Amino acid sequence: MTAKIKVIRTTSEKKNHRMAVAFALPAAAFSLLLIIYPLFTTIKLSFQDVKFIGSLTDDTAGFTIANYTKLFSNADFWRALGRSLIFTFSALSISFLIGLVLALLLNKKFHCQKLVRTLILLAWPIPGVIVGLLFIWLFDGNYGIINTILKSLHIIDQNVKWLSAGNTAMVTVIIATIWKSYPFFTLTLLAGLKGISEDYYEVASIDGANAWQRFTNITLPALQSVIVTSLLLNGLWIFRNYDLIYTITGGGPNQATETLPLLLYNQAFKYYNMGYASTIGMISLLVCSIFVVLAMPSLKKQFY
Amino acid sequence: MNTLNRRKFKRAGMYALIILSVVILAFPLYWMIVTSLTTRSALLENISILPKPKNITSSNFMKILDSQPILTWFGNSIFVTAFSTIIAITVSTMAAYSMSRYKYKSTNFLGFFLLVVRMLPETLLVVPLYMMFTHMKLINNYASLIISNITFIIPFSTWMMKGYFDSIPNTLEEAARIDGCSRLQAVRKIVIPLATPGIAATSTYSAILGWSEFLFARTFITRPDKWTVTVGISSLMGEYTIIWGEVMAAAAISIIPIALVFIFLEKYMVAGVTAGAVKG
Chain A
1 MTAKIKVIRT TSEKKNHRMA VAFALPAAAF SLLLIIYPLF TTIKLSFQDV
51 KFIGSLTDDT AGFTIANYTK LFSNADFWRA LGRSLIFTFS ALSISFLIGL
101 VLALLLNKKF HCQKLVRTLI LLAWPIPGVI VGLLFIWLFD GNYGIINTIL
151 KSLHIIDQNV KWLSAGNTAM VTVIIATIWK SYPFFTLTLL AGLKGISEDY
201 YEVASIDGAN AWQRFTNITL PALQSVIVTS LLLNGLWIFR NYDLIYTITG
251 GGPNQATETL PLLLYNQAFK YYNMGYASTI GMISLLVCSI FVVLAMPSLK
301 KQFY
Chain B
1 MNTLNRRKFK RAGMYALIIL SVVILAFPLY WMIVTSLTTR SALLENISIL
51 PKPKNITSSN FMKILDSQPI LTWFGNSIFV TAFSTIIAIT VSTMAAYSMS
101 RYKYKSTNFL GFFLLVVRML PETLLVVPLY MMFTHMKLIN NYASLIISNI
151 TFIIPFSTWM MKGYFDSIPN TLEEAARIDG CSRLQAVRKI VIPLATPGIA
201 ATSTYSAILG WSEFLFARTF ITRPDKWTVT VGISSLMGEY TIIWGEVMAA
251 AAISIIPIAL VFIFLEKYMV AGVTAGAVKG
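These protein sequence lines are chains A and B, in that order.
full-length UniProt numbering numbers the first residue of the first sequence as 1 and each following residue consecutively.
full-length UniProt numbering numbers the first residue of the second sequence as 1 and each following residue consecutively.
The hints are simulated quantities; they were obtained by calculation from the structure and are not laboratory data.
All of these numbers come straight from a predicted model, not from anything done at the bench.
Each statement offered as a hint is correct.
Lysine to aspartate or glutamate pairs mimicking EDC-like chemistry, simulated, CA-CA at most 16 Å apart:
#1 B:Lys103 with A:Glu13
#2 B:Lys189 with B:Glu173
#3 B:Lys103 with B:Asp166
#4 B:Lys105 with A:Glu13
#5 A:Lys108 with A:Glu198
#6 B:Lys189 with B:Asp179
#7 B:Lys189 with B:Glu174
#8 A:Lys114 with B:Glu266
#9 A:Lys109 with A:Glu198
Whenever a hint applies, use it, and build me the whole structure from the sequences.
Following this line, the structure appears as structure tokens:
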């Protein structure tokens, strides 16, 4: 009797497992073919000194670490890496603060809430290229409205040629990136805030905690894993951003805004140095992995 | 009395902050619309934040639609985005259901794997994918673009959908199965209808990703008549003189579909992110 039940259970269990695998198979197949296979190609290419013009110039090129030694001794690479880190850190921290403040505001009750929420989040679905074009126009050196506004507020007396000088070009690119990336923080943090029970705040108020104490002792700890996950996802997005910077400056002037993704793309599709470009890709991947490893404990907590 | 005044004061401060944020953050989009509706001479002479009625014109839209194949690019983008979204949503809904309902090592591993894949930089993969598609003679063929889009949409949408399925109690399906439904029938009749808001939110997200895509489209599609809207519009910057009224008109046209979809489905997005990306 018991044996019979056991047999039935295992066949249904096997059927279940087959179904689970069948359902998951297409997603796994896409990822394997288009991500894992190319990833291995990249690793291989990064150890080969090859160009690609229609086909690889030297398909049988032996393995060498020439690309890596060339990269590490190249000042352009170190500068691009430094710029990438400065760009990511400043855009990420400011958009996080803006996103957090807006999420706290939108979590309160007020008139026209839905309209305000839509207006605040509307930057999110705008393609990076379009955001780029828009900010070139806003920060235009001759006819840009930002210069006009700053002049009327007496912050500057003369038009600033934002995109002609390195530092101001970087500032422009960072502001555009912040505008594109804060809505994601607002959206995720707002969702996190909605999950915190009112009771905690009531009890804390009865105990005499002020607003700042309630924020640091209830809100922040409750949001911790949401904060880490959204910082990671947005940080990776900013670090590997290509379209926005490409549109606004193309990496210029004088490479002042050339971050790693732009350096990689130019090496690959301007000079066709696929091996060298792949090496830059491997270093980018390494930087991304460091972010991921740092956020891993919190990711595990959130997803499993 | 004192506390009442304080409360009023705080409330006024909150409204001031809200109005200030909306004014600053919505300004770039406002300026896009104003520019697209302003005559060329007015833009170059005396710009003011509030548009003057005598400077308003629709000629920018007419001219840019006349001189550039905006509508062709628009159609290409709709084709690519629709195909990518439909396939990606089908594939990821299946995977998400499997991850949510069956707790096997293989399904858990897939979930973790997709999470890692989500972290990979696109620029890293564009080189080998370009070489692969050149060998397969798929350059200038939308298949290359659609396949790459799908691959990058799947990790996002699978995790979002999994969150939705997790929020639908298993007991409903069990009840249906006791009443004689097969597992697939239970999925079709109970789970899918309940997950519709989630599917709507995930589709919106996927469509946004597909519509915005630039890197793959720029690399895999080189013929101007086959460009998507993002590549086409960025090419306007290469023109000798940039007529900003017309460029902003083109930009405004290109974001209409995605802005409309977002405005109508935004409430599902907030809920969807709660369920998916930010599972408590």
